[in-house]
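Chain order of the listed sequences is Z and R.
Quick note, the working numbering runs 64 ahead of the 1-based positions in the first sequence.
Quick note, the working numbering runs 72 ahead of the 1-based positions in the second sequence.
Simulated from the structure, these hints should not be mistaken for lab results.
Please note: incorrect hints may appear among the correct ones.
[Said to hold, decoys possible] Derived list of chain Z stretches under chain R, where covered just means 3 residues or more per stretch with a C-beta under 8 Å from a C-beta of chain R:
{"#": "1", "region": "288-299"}
{"#": "2", "region": "309-318"}
{"#": "3", "region": "354-360"}
Note that CB positions come from ideal geometry on N, CA and C, so glycine has one too.
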Amino acid sequence: MFDDSSIIAGLEIGTSKICVVVGEQGADGALNIIGLGQSRSRGVRKGEIIDPAQVEEDLRAAMFEAEQMADVEIRSVYLGVSGGHIRGFNNRGVHPVVSADREITPDDVEDVVKNAKAINLPAENTVIHAVRQHFYVDGQDGVTNPVGMLGARLEVDMHVIHGNANRLQNAIRLVRATSLEVDDVVFNGIASSLALLTNEQKELGALVIDVGGGTTEFVVYSNGVIRHSGVLAVGGDHVSNDLAYGLKVPLSRAEKMKIEYGAAFVNDAVKGQTISITNELGLELKRINHEHLQRIMALRLEELFELIAQDLERAGLADYLRAGVLLCGGGSRVPGIVKVAENVFQMNVTAGHACAISGLTAALDQPEFATAIGLVKFGSLKNRQRTDRPFLKGLFGRLLQRS
Amino acid sequence: MENPEQISFLEPIAPPLVKIIGVGNAGITMLGRLDPAEFSVAQLAAINTDSSGLGTCPAPVKIHLENKLLRGLGSGGDPDRGRALAEEQFSTLKTACEGASVVFILAGLGGGAGSGISPILAKAAREAGALVLAFVTQPFECEGNRRESQAQQSLEQLKSAADGVICLPSQRIFKLIDENTSLLETFRVTGGLLVEAVRGVWHLLMRPGLIQVHFGDLCALLRDRHAESAFAFVEATGAGRSREVVENILSHPLLDEGRALAESSAVLVSLTAGNDLSMAEINRVVDQVKRQCTTAQIIMGAALDPELKDKLCVTVIAARQDSASAGTKILTETRTAGPSTSTREVVVARTPRTRKSGNKPVQTQLPLTIVSKGRFDKSEPTKHNGEDLDVPTFIRRGVPLN
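Same shape as in the complex, but just chain R:
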């Protein structure tokens, strides 16, 4: 294991040492799709309970969690087994994370390994002194209730264990693909989106920022607010690229055609382009995004990458405030500017409370009142700041008629 001091000695402007760990089959597949050249500075590792999945993985570090109970058959889709196994080998996980200042966890939730191990791994990484950011997918609805509830449970645990969680509900993918897309292609798209998110965050950390986004900012954005965090990665080239990028953001299915922005409480906008990136372009993009989310806290960053030439890439991460954690928002914001250690203290101090509320079973409600739009049912909806003006005003404002 290298230690962080040594690295900072070797590289005068030391970027943080990042470890990217894929957990479970889905996580390992995503890990395999990361471009090795782009992520050459990062250390990749794979963790699985199933040896066959590990075998094909290109990652240099492979950790096979195994005990006699599993008989080499994997966790069998049971997150409890995965969790038990991870807890049993907690020290192994911790050593694997040692030395890193940032750990990315890639996993597909819903199964045994991803759902079970990820929260424990996040905890281990935190104890090893790293900031933890998890990129996870939630299963498709057709994968069944059990996987969904397992994923939900695991997500809650992950939220309390990691510094930040970026979650992609696979169901949303349907808006991106057409009907004839093959199953393989669908999974490829899902993984691809998450990989894009990883790349986006990776660029935030690694590229020399014109306007820096600190990792602390990112974590502060994602922490506590992730009732759901939506993200989008768009790129465009040519003269009208900034306009095109804005159009794409505002029509991005993962951002609910821009509605997610209106509902979010904090938004991170990161732009990357070639050396010709102009302030006007940055301004145009951020301004347009800002217009969509008037109440949100906006963190923006810009970076240059000569290799992109005239391409403009924008990563948008929108986090929606969880009503349960609304009270703690101000506290988080005041600490944002501080060094990462102080933000960590805040997290640690609050973790038990968050976890308690996170694990409490929540009574779900069915949407019983289906508001019909009458004669506007089939017409193009009139959207204004994320509100559908076709729905009667008295319903949107909750004015009782009795």
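Bound conformation, chain Z alone:
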């Protein structure tokens, strides 16, 4: 009989598409992607839901497709969230070691983590992730497991990602309304970086930029931990909107031209060239300057990277990215975007592939699906943690059998 608990589904409610990825986790913990469903998203702007009814309809379509392809029933999902309201920051917790022999016990570790989580958030915000970075024992840096060490003062750095509780709840409620359970809520940027980065890259230090339809998430890993994260509510929609405004064409037309003729920098070959827009009968309606199209796009994308670069500069992380920058999301398909990012960040930039999962067919390895694949990966990591605890597993197993 099929063991249900090894099926993991990731759901991303994006601005341009709703995407469900189904993965199967084998007994050895290896993850296999077995299904994918997607539908055009019509009720989301800048990563936030503006029309729940519309989103629900699209969500059901994507779910149906994924279930068909994977031939399983999806009961629960890991839900990816994004939006301009989400913020990340680092917080340090301090705890004095009080025991007589000054040996750090697991209780001390628990306390210091609790202290680091006790942060002053605005009342309407809630914590999405609190990720442990490194411990400090009496100021000694880079301790990963302080239990058993001697010290008087234990500190820990946490990376806390928080967002507006109501807006997060909106997405969760919507998923529950389609009679699905939400296993966990994951920040899209973290999901993408899980899909893209190998452990080695995390150790070396890497920046993952997910250029989506309505938002752009970025996450910095260094020394194996998350050091920085953020969201800019700017994405591919903005590029289309700029084109629609600058070239005076309808938005849908701008969207098409972006995909067909767009580039992230002004190509010398297109200077002086024009694109003619024709109606359905093949009559020419308008001529568009190709150079203008690319210039508008180039300015927007360059600005986007500059904003991220400034943010990293402020966080003092620009020198820690030895594995360079990885791009994903639909925006990373724009021709020449790697070159533009290289110019801005002055470091090695690659278009990311979801390399961290085995058994991924090439058809699924698209930059747009990185987030959803990462969500599945997040789920598998969580499952593995759970199976590491035999007592809990036994309890769960018994409960499952009983029900």
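For this one, chain Z is given, so just place chain R on it according to the hints.
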């Protein structure tokens, strides 16, 4: 008239003698709203051309400017009459300001008395040897063009005559009140905001500062830069008060939801709290404000007032650089640290030039290019350092497409 030496003899740590003068009906109303207990050290005075307004005023010193031409009917909304009257009785005004080291002028611009007398009063006070700070309101847009242009003109004059002007455009109040607010209440709010500003500055001067803000700093901040100076006064209590205060500052309508900070060239942050004020709190507030205005010069001060208990009050004054006076900015900054007399010399030396440029009629421009945000028109704007990222980049950067 008391003289300043006598006062400094009586009080070993002599705070500056402050005179608060309300000009015109609006000014007198605001004067009446100052808490007498709080401002007990200050000398209050009222000036008006209309005797009825003066009658109800609690201020001990009342100056009724009057001549036969007015026939006891006031200035009739004509600032020229007010000005002529004030110039005629310049010596009276000067005597009234004598002895003070700081003079606050409260006025509502747009009418006859406030617009006409305030600049002359500022000049008189300066000649009497006081530093002059004016707190004025500009009329609502619905009060008509004439009052608006009168207010504008008077504001320009006031800027060149006073050491500092804090100006509150009443139109902004609409963001603070809801639709059902009565007219009386609206005026009360407007006056109240200005009174808060007066209180904020007053506390800067009077409270024992942990980190002192000198009046000279304040004047240097306001002088020459007041293309527009925006201010906000916020307070919060409880454990998360510093965070709350920052939130309130950044969402304050008078600071354009924090955008005014991003555009300003100099920002003054003054914190007042009970004895439990911690350095971390100061740091948190100032740091957050600083983050909003990376390019601005920041002057910060902190003071204690045991009566506030666990309340934290923060006054933020943001001054935007006037492009015309950009060249003189460095000069002002280098003098900031000096004693007030030296800053005064700088002002006096520059006054004629400022006044000339200030009074030049400026050709106003209508905002002809309305930048549409397309599909993001109705969504929440994406703000980043005061820039609206929804507006196409090539428009914000002014890249020509031809």
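Checking against the hints above, which ones are violated? none
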